[in-house]
Amino acid sequence: MAILVCDNCTSKVKTPKCCGKEMELKGTDLVCGDCGNTVEVNNCCGHAMHEKK
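Under the numbering used here, the letters of the sequence shown match residues 806 to 858, in that order.
Since the hints were made in silico from the structure, they are not lab data. Note that the structure is a prediction, hence the values are computed from the model and not measured. Hints are not guaranteed to be accurate.
Claimed, not checked - 25 Å max Cα-Cα, derived DMTMM-like pairs, lysine to aspartate or glutamate:
1) Lys-858 with Asp-834
2) Lys-857 with Glu-827
3) Lys-826 with Glu-856
To be verified - Now the in silico label distances, taken between C-beta atoms and shown as ranges:
4) Cys-840 with Asp-812: 29 to 37 Å
5) Cys-840 with Cys-814: 29 to 37 Å
6) Asp-834 with Asp-812: 17 to 25 Å
7) Lys-826 with Lys-857: 15 to 23 Å
8) Asn-813 with Cys-840: 28 to 36 Å
9) Asn-813 with Asp-839: 31 to 39 Å
10) Cys-814 with Asp-839: 29 to 37 Å
11) Lys-826 with Asn-847: 15 to 23 Å
12) Gly-825 with Gly-851: 26 to 34 Å
13) Gly-825 with Cys-850: 27 to 35 Å
14) Lys-857 with Val-836: 17 to 25 Å
Built from N, CA and C at the ideal position, the CB exists for glycine as well.
When you get a sec, could you build the whole thing from the sequences and use the hints?
Structure follows, in structure tokens:
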């Protein structure tokens, strides 16, 4: 399970699921590998959140 984090604060969110699977981070979008549904990455403190490394 991927976790998205903010560089400016301690906020964290889990990546959403689509078609029963975790969505994949592609640039500034989260994409479903099965149906191709896309959603924008969550914003926090005025910036897009990114995957925790």
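Here's how the hints hold up against the structure:
1. Lys-858 with Asp-834: holds, 17 Å
2. Lys-857 with Glu-827: holds, 15 Å
3. Lys-826 with Glu-856: holds, 16 Å
4. Cys-840 with Asp-812: 29 to 37 Å: holds, 30 Å
5. Cys-840 with Cys-814: 29 to 37 Å: holds, 32 Å
6. Asp-834 with Asp-812: 17 to 25 Å: Since Asp-834 and Asp-812 have Cβ atoms about 18 Å apart, the given range 17 to 25 Å holds.
7. Lys-826 with Lys-857: 15 to 23 Å: holds, 19 Å
8. Asn-813 with Cys-840: 28 to 36 Å: holds, 33 Å
9. Asn-813 with Asp-839: 31 to 39 Å: holds, 33 Å
10. Cys-814 with Asp-839: 29 to 37 Å: For Cys-814 and Asp-839 the Cβ distance comes to about 33 Å; the hint holds.
11. Lys-826 with Asn-847: 15 to 23 Å: holds, 19 Å
12. Gly-825 with Gly-851: 26 to 34 Å: Holds - the Cβ-Cβ distance for Gly-825 and Gly-851, about 33 Å, lies within 26 to 34 Å.
13. Gly-825 with Cys-850: 27 to 35 Å: holds, 31 Å
14. Lys-857 with Val-836: 17 to 25 Å: Given range 17 to 25 Å: holds, Cβ gap about 18 Å.
Going through the hint list in order, the structure satisfies each hint without exception.
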